[in-house]
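Peer 1: Top line first, the protein sequences correspond to chains A and B. Position in the first sequence (first residue = 1) + 45 = my numbering. So in my numbering, spot 43 of the second sequence is number 38, and the numbers just go up one at a time.
In short, the hints are calculated from the structure, not lab data. Hints are not guaranteed to be accurate.
Said to hold, decoys possible - List time: in silico DSSO-like cross-link candidates among lysine-lysine, alpha-carbon distance up to 30 Å:
| id | chain 1 | residue 1 | chain 2 | residue 2 |
| --- | --- | --- | --- | --- |
| 1 | A | K213 | A | K48 |
| 2 | A | K123 | A | K48 |
| 3 | A | K207 | B | K69 |
| 4 | A | K288 | A | K78 |
| 5 | A | K56 | B | K69 |
| 6 | A | K123 | A | K78 |
This one's a predicted model, so the numbers in the text were calculated from it and none came from an experiment.
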Amino acid sequence: MAKVLVVTSGKGGVGKTTSTAAIGVALAQIGQKVVVVDFDVGLRNLDLIMGAERRVVFDLINVVQGVAKLPQALIRDKRLENLCLLPASQTRDKDALTEEGVGRVLEELRTSHDWILCDSPAGIERGATLAMRFADEAIIVTNPEVSSVRDSDRIIGMLDAKTVRAEKGERVEKHVLITRYDAARAARGEMLSIDDVLEILATPLLGIIPESQDVLRASNVGSPVTLNNPASSPARAYVDATKRLLGETIAMTIPAERSGLMNLLRGRRAA
Amino acid sequence: MNILRLFSSRPAPAPAPPSAPIARERLQILLAHERGMRGQPDLLMLLREEILAAVSRHVTLDPDKVIVRMDRGKNVSTLEVDIELPNLPGPKLAATG
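Using the sequences and the hints, build the whole thing.
Peer 2: Now the structure itself:
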């Protein structure tokens, strides 16, 4: 049974695209057939994070409008054969996406994949509402910071009201993914703690991705962090989150980033 | 800087008080309000419009001279409407600010 999973947040810059790419890779590494779909029309970036920016010929809007067939537009990952990318258009505006067209494309993708990951644009406009419209599950990417938590709360409300599932009286299964978490700062009371965020959002936790230099390094080279450095702390956290998505019970730990001494020095500087 | 501080006799600056509890409380108050408002017409705008409509039945209002402030607290919120009324020539309407 194929699942449509939207990766959303409301706020920009919290790690939606990074998380879509990392989890898409992790699912594919486990053997799932995965397609990652970029809904950020006009500001596409998933192609860049996936390292496929030079291979884009057709895009989601071309397929929606019937200019290209779906298999022509799908870009097969060179490293993982069961992972594909459907890029967003860079030029046309968001209104070129229609609900009927997106629904049709997702239905077609369901027939040939296990997971369809929809990378939502920031905001609550058309691109974001269409990315979540047909979702079975949702990952709400949240930074432990007030504006991100507020926007996540708003998005959770939309997932419960404006999706096809919600309108049919069914539930979209929601998971919070906390990214850019700094355990040392949270321990010092400088950052909202995991418990604070979960209590406020009242949504189950999928994983905690620590703040890490490996994430930028991975995007620099166009290789999702789970592929680029699987031993790194964010990669391990993403793999754990992915396994939870598949129903496994994995203890919630925050993989350590550095040695204790480095943390101490870093902590002193940040204080 | 940090290493130098180890050797200096000056005490390190006191650490800033934890700010996360403030963040949590601000969010709880804000979201309690926003969740209540979801799908509802904006109460603030509604009150503003109706109050102004009521006042403007009697006085000509300059929309720029009307200030509406809202302060949302945990248990009580206040709505403050500050309307500047022109001094009317007639003796009947002695409007005070």
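Peer 1: Confirm or reject each hint.
Peer 2: Results for each hint:
1. A:K213 / A:K48: 17 Å, holds
2. A:K123 / A:K48: Holds - the C-alpha atoms of A:K48 and A:K123 are around 23 Å apart, at most 30 Å.
3. A:K207 / B:K69: Holds: A:K207 and B:K69 sit about 29 Å apart, inside 30 Å.
4. A:K288 / A:K78: Holds, because 15 Å separates the two Cα atoms, which is no more than 30 Å.
5. A:K56 / B:K69: 25 Å, holds
6. A:K123 / A:K78: With a Cα-Cα distance of about 14 Å, the restraint between A:K123 and A:K78 holds, given a limit of 30 Å.
In summary, the structure agrees with every hint in the numbered list given earlier.
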